[in-house]
Every structure is written in structure tokens, then in C-alpha cells.
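S.K.: Spelled out from the first residue to the last, the chains are:
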Amino acid sequence: MTETVLGLYNYWVVIFLMMMGFYIVISRGNLIKKVIGLNIFQSSVFLFYITVGKVSGGTAPIMAEGFEVYSNPLPSVLILTAIVVGVATTSVALSLVVRIREAYETIEEDEIYAQDEAR
Amino acid sequence: MSQALQAQLPVLQVVIPLLAAPLCIILRRRSLVLPFATGVCWLTFLVSVFLLGDVLEAGVISYELGGWAAPWGIEYRVDALAAFVLLFVSGIAALVLTWAPRSLTDEIPASRHYLFCTLYLLCVTGLLGIAITGDLFNVFVFLEVSALSSYALIALGGRRQALPAAFQYLVMGTIGATFILIGIGLMYQMTGTLNMADMAERLPAVEGVRTALVAFGFLTVGIALKMALFPLHVWLPNAYAYAPSVVSAFIAATATKVSVYILLRFMFSVFGLEFSFEQLGLGRALMPLALAGIFVASTVAIFQRNVKRMLAYSSVAQIGYMVLGISFATATGLTGGIVHLFNHALIKGGLFMAMGCVMLRLHSVDLDEMAGIGRAMPWTMAAWALGGLGLIGVPATAGFISKWYLIQAALEQNSLVVAVLLLLSSLLALVYVWRVVETAFFHEPSARAREAREAPLAMLLPTWVLLGATVFFGIYTHYSAGVAEQAAEAVLRGLQ
Numbered sequence: 019m020t021e022t023v024l025g026l027y028n029y030w031v032v033i034f035l036m037m038m039g040f041y042i043v044i045s046r047g048n049l050i051k052k053v054i055g056l057n058i059f060q061s062s063v064f065l066f067y068i069t070v071g072k073v074s075g076g077t078a079p080i081m082a083e084g085f086e087v088y089s090n091p092l093p094s095v096l097i098l099t100a101i102v103v104g105v106a107t108t109s110v111a112l113s114l115v116v117r118i119r120e121a122y123e124t125i126e127e128d129e130i131y132a133q134d135e136a137r
Numbered sequence: 007m008s009q010a011l012q013a014q015l016p017v018l019q020v021v022i023p024l025l026a027a028p029l030c031i032i033l034r035r036r037s038l039v040l041p042f043a044t045g046v047c048w049l050t051f052l053v054s055v056f057l058l059g060d061v062l063e064a065g066v067i068s069y070e071l072g073g074w075a076a077p078w079g080i081e082y083r084v085d086a087l088a089a090f091v092l093l094f095v096s097g098i099a100a101l102v103l104t105w106a107p108r109s110l111t112d113e114i115p116a117s118r119h120y121l122f123c124t125l126y127l128l129c130v131t132g133l134l135g136i137a138i139t140g141d142l143f144n145v146f147v148f149l150e151v152s153a154l155s156s157y158a159l160i161a162l163g164g165r166r167q168a169l170p171a172a173f174q175y176l177v178m179g180t181i182g183a184t185f186i187l188i189g190i191g192l193m194y195q196m197t198g199t200l201n202m203a204d205m206a207e208r209l210p211a212v213e214g215v216r217t218a219l220v221a222f223g224f225l226t227v228g229i230a231l232k233m234a235l236f237p238l239h240v241w242l243p244n245a246y247a248y249a250p251s252v253v254s255a256f257i258a259a260t261a262t263k264v265s266v267y268i269l270l271r272f273m274f275s276v277f278g279l280e281f282s283f284e285q286l287g288l289g290r291a292l293m294p295l296a297l298a299g300i301f302v303a304s305t306v307a308i309f310q311r312n313v314k315r316m317l318a319y320s321s322v323a324q325i326g327y328m329v330l331g332i333s334f335a336t337a338t339g340l341t342g343g344i345v346h347l348f349n350h351a352l353i354k355g356g357l358f359m360a361m362g363c364v365m366l367r368l369h370s371v372d373l374d375e376m377a378g379i380g381r382a383m384p385w386t387m388a389a390w391a392l393g394g395l396g397l398i399g400v401p402a403t404a405g406f407i408s409k410w411y412l413i414q415a416a417l418e419q420n421s422l423v424v425a426v427l428l429l430l431s432s433l434l435a436l437v438y439v440w441r442v443v444e445t446a447f448f449h450e451p452s453a454r455a456r457e458a459r460e461a462p463l464a465m466l467l468p469t470w471v472l473l474g475a476t477v478f479f480g481i482y483t484h485y486s487a488g489v490a491e492q493a494a495e496a497v498l499r500g501l502q
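Those sequence lines, one after another, are chains A and B. Just add 18 to the spot in the first sequence (first one is 1) and you have my numbering. Just add 6 to the spot in the second sequence (first one is 1) and you have my numbering.
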């Protein structure tokens, strides 16, 4: 029991963040909040990859005498790429929100669709 | 062609458009950028023609990126299916851009044309990269390259509705891509490899473990979101309807098809037929969704006033046909699904190009405005009608070949119900195609339609080439269906 709760501590954080981010994206109508939710959702995946790479008792993957167990560096490298993708997504999303605000003068989803249906 | 150059073809396929994209920003001048980007697209198409020739002659090509051997390095892997997808994606990209200049001038301010070309080439890069790579993480990266550029491309649309449409696509696309990323991470956790062939070998040992099952679930849902499988299609209609005509034509013809390709790769090549279909029953899950998609989306399409939106809903239905073919998991079914990838890419690309011609002259694609347009623009609307016949699946058009294979696959499995449903669904297509044809040719011209003239030859010609190709491949089926058959066999054989 303690093993699943404390031993897998990181994974519980991942699941919590993932569900929280996902819920924000679905439930909020404010576009900025949606972007933030999307960010939290993506961050949870970053944390997940980094956790996967950790080998308990392992040290940084630099060959040296006296160390035999190394952590896996590959997931961290992969997630650097995914972080860049995340930053790009956020910037595209935010610039879209700016242009939506210019065109509709609101960033509330229901008000945007109401404006288009009214015409 | 020299031996050395031939060996580098797989990487050139992706590197040429990738390097050309930033060059567009340097060139900047409209008169230079458009011909340059078009030339690059045709060059990319040429590369894919050579690649397909090589693959059909000599079998699978494996390319080690940077000289690092697989499974440690990134492997580019071209088999018959990949080469087929590369061919039609690059071909349509080139043809659409050749068609585009007049439509672009009309819909996008000239000062932004160089940015459009950059985004377009990046989108092409991403789609080609997905098809060619043999590395799982690479798939995610290229997926995001193509997705991010297509969000921006859609937002270039002239009406303000394009912006929320692009935003909605961004949110759902990112969720889909992140799901795929989670799936890849879980699979990496189980096998310690990212190379597809290597993973396919190692997966059987851990297939019973829950982590592998969860990975499978995340991947299926993520890919379904990306390819707009009913009921995860809600981002698609607005995105296609409000994007600039050029973007609609290109993205509608290629983006979702490449996502279907990802589904084929993951479910057949990586997880394997036995695990995906026999143990987990993916076919039983996909088939009802595919059929529901075909019927619901076709019915909704009938009631659309905006013809681009109607075509978008029709796209959702057509994705249903492809997935239906895949869900049979037999050689005939897969051939039907894969050949429909190709046929539908031609048909839908051509139809959106014809709508682009209408947009240029009418500045609207509403059905009311299009009344009587067939008299002013007979060649454009005749092309549209030809494409419409393909959508319905009339014999001697490409659409017929796809449905022929699909119905055969259904009968092979003794599911008469599915075969009958397939025939019935064609009637729905008939209704929505006929609505447009009737309005265009048999109604009194609207005020705008009276003043319209025929689209310029520079736009008509590529439209007719693409839609003419649907008739060509409807008659000389051994080119398209023959390659699709080889591709289906390659998929069923797995990566060994």
C-alpha cells in the first residue's frame, strides 16, 4: 500500500496534473484559461517522461569510476523537444487569442459563438 | 541519376521542403516566393516518384539518419504504403500550389504571401515526415510541425470565424498529439526502444501488461482525434469551411489521410494485427464508429448552406469509409481503405479547388449565391460535378473502386448488413452532390452569379488535372489499386 502511494509519488502527481489540465480545457469557456489548462496538461506529460528516465540509485549518465548505475538520459532529451513544441503551441494559441479578441472584443467562447449566430 | 544521390532520396524528401521554408522568408518578394515554393513542391514530388519506383523494384528502403544505425539512431523507412502516401501528399501539394496564385492574391494580402509559403512548406514537411519516419518520437515531432503550421494557415482565412475555428482545432489537435505522446512514452517505458521495427519485436513479451494496454488506448484516441473519426470530428467542419481556399484544398486532401496512415502504422506495424484486432477487438470498436460517421456526417452534409462546410462534413464521412476498410483487417478491406486514402485525396482536393474558383468569382460559397452559376462558370461546375460523381462512387470514377473493394471485403466476411449500408450511404452522397449540381445548373442565376465569369485557365487546368485523374484511376485501376494492394500486403506482413 505505502509502496503504491509513496513509491509511485511522481506518477500520482502526473495523473493529478494531467486530469486537472484536461478538466480545465474542457470546462472553461475563457480562451486564456483553456490555454493554461492545455499547458498544465502538457507539463504533466513532461514530468511523466522525466520520471520514466529515473533509475533509482542511478547517477547522471557520465562515465566515471566508482559508478555503475546510471539514469537514462534519453527521455529527458526527448522531452526537451516536446517542451519546445509546447512553447510553440502556446505562442500560436495566445496569438490566436489576441486576434480573436481584436475581431470579437471578447475571449469568452459562448459569447464568440453567440455573435456569429446572431448575424 | 547517380548512385550517391539515389541513396540520399529518403532524407531529401523531407529536407528539401524543410530548408526551403525559411528561405521563403529571406526571399520575401511575392514574385520570387511563389514560383520558388511551387518549384520546391514539384521537386519534392519528383523525389517521391523516384522513391516509389525504387520501393516497387527493390523492396523496403531503410535510411540511417546521420549514419547512426537503427535502433539507436533515427531510421527513415520507406515501404510500399509509405511511398504511396508520400507520392500523393507531395503531388497534391505541388498541384494545389500551382493552382493557387490567383486565389491567394484574392484572399490573402500580398504582404503575407511569403509567410503563407513558409507555413505551407512546413506543413508539407511535417506530413511527409510522418509518412517516411520509422521512429515513434519522430512521428510526434512531425505531427506537431504539420499541425502547428496548419493552425496558422487556417487562421489566415478572410472571415473572422476562421480564428475561433483555428483555435478549436489547436486545442483538440494538441490534446490528440499529447495523447499520442503519452502513448509513445508508455510504450518506451515498456520496451526501451523508439524504433518501430525494434518495438514490434519487443512488444509481444509485454503485451499482457496493463501499461501496454493503456498505451494502446491513448494512441487510439489520440489518432482518432487527429483523423477526425466520428464523434471526435467537431474541429474539422469549421476549420475547413473558413480556411482560405488554398488551405482547404491542401489540408482536406492530405492532413486527415496522413493521420489514417499513422493509425495503420501503429495498429498493424507496431502493435501487430494479432494484438490490435484479435486480442483487443479494435475492428469491433472502429466499425460502428465508422458506419455512424458515414451516416451522421453525410446526413448533416445534406443540410449545409455553405458548400465548403458541406464538403467538410463529407470528409468526415469519407474518413468513415477508410476506417471501415481498416476495421475489416483483411487484405481486401485494407486495400479498399488504402486506395480510398488516395482516391479521396484526389476527389476532395479537386472539389475544394473548384470551390476556390467559385470563391474567386463570387466571393461566396453559399448555396443561395451559387444559384445558376453553372451558366457563367460551366467548366468549373462541370469539374465539380465530376468530383461529385466520384464522391457518390459512380462506376468509371475512382470512388467506385474504393467502394467496390469495401463491399467485397464486407461480403467476404459475410456481413451483408455492412454491404447494404455501404450502398445506402452512397444515396446520401447522391443527395448532397445533387443539391449543388441542381442549384448551379438549373436555378435562376442569383445577382452575383449573373456578373460572374469563368475562372482563369491557370486555375481551371490544375483542377481538371486532379479531377481528370479520378476518372483515369477509375478506369486504369491497376496503377492505384495495384499499389494499394501491395501496400496492404506490406502492412499485413508487418515490419520484418
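A couple of the hints might just be wrong.
Unchecked claim - Each pair of labels, with its calculated beta carbon distance range: (1) A/GLU120 with B/GLU418: 54 to 62 Å; (2) A/SER109 with B/HIS369: 44 to 52 Å; (3) A/PRO79 with B/ARG499: 35 to 43 Å; (4) B/VAL55 with A/THR124: 48 to 56 Å; (5) A/PHE34 with B/PHE478: 38 to 46 Å; (6) B/THR217 with A/SER61: 46 to 54 Å; (7) B/ARG216 with A/PRO79: 23 to 31 Å; (8) B/GLY287 with A/SER94: 53 to 61 Å; (9) B/VAL477 with A/SER94: 37 to 45 Å.
Claimed, not checked - A few chain A residues facing chain B, derived, Cβ under 8 Å: (10) VAL43; (11) VAL70; (12) VAL73; (13) MET81; (14) PHE85; (15) ASP134.
Calculated from the structure, these hints are not laboratory results. Where a beta carbon is used, it is the ideal one built from N, C-alpha and C, also for glycine.
S.K.: Indicate, hint by hint, whether the structure satisfies it.
M.R.: Taking the hints in turn, this is what the structure says about them:
1. A/GLU120 with B/GLU418: 54 to 62 Å: Because 56 Å falls inside the window, the suggested range holds.
2. A/SER109 with B/HIS369: 44 to 52 Å: Hint violated: Cβ distance 32 Å, outside 44 to 52 Å.
3. A/PRO79 with B/ARG499: 35 to 43 Å: holds (37 Å)
4. B/VAL55 with A/THR124: 48 to 56 Å: holds (50 Å)
5. A/PHE34 with B/PHE478: 38 to 46 Å: Distance hint for A/PHE34, B/PHE478 is violated at roughly 56 Å.
6. B/THR217 with A/SER61: 46 to 54 Å: Violated, since B/THR217 and A/SER61 (Cβ atoms, about 21 Å apart) do not stay within the stated range.
7. B/ARG216 with A/PRO79: 23 to 31 Å: holds (29 Å)
8. B/GLY287 with A/SER94: 53 to 61 Å: Between B/GLY287 and A/SER94, where Cβ atoms are some 37 Å apart, the hint is violated.
9. B/VAL477 with A/SER94: 37 to 45 Å: This hint is violated: roughly 53 Å between Cβ atoms.
10. VAL43: Holds, about 6 Å.
11. VAL70: This hint holds: A/VAL70 lies near chain B, its Cβ roughly 5 Å from the closest one there, short of 8 Å.
12. VAL73: violated (12 Å)
13. MET81: violated (17 Å)
14. PHE85: violated (20 Å)
15. ASP134: Since chain B brings a Cβ to about 6 Å from A/ASP134, closer than 8 Å, the hint holds.
In terms of the numbered hints stated before, the structure departs from hints 2, 5, 6, 8, 9, 12, 13 and 14, listed from lowest to highest.
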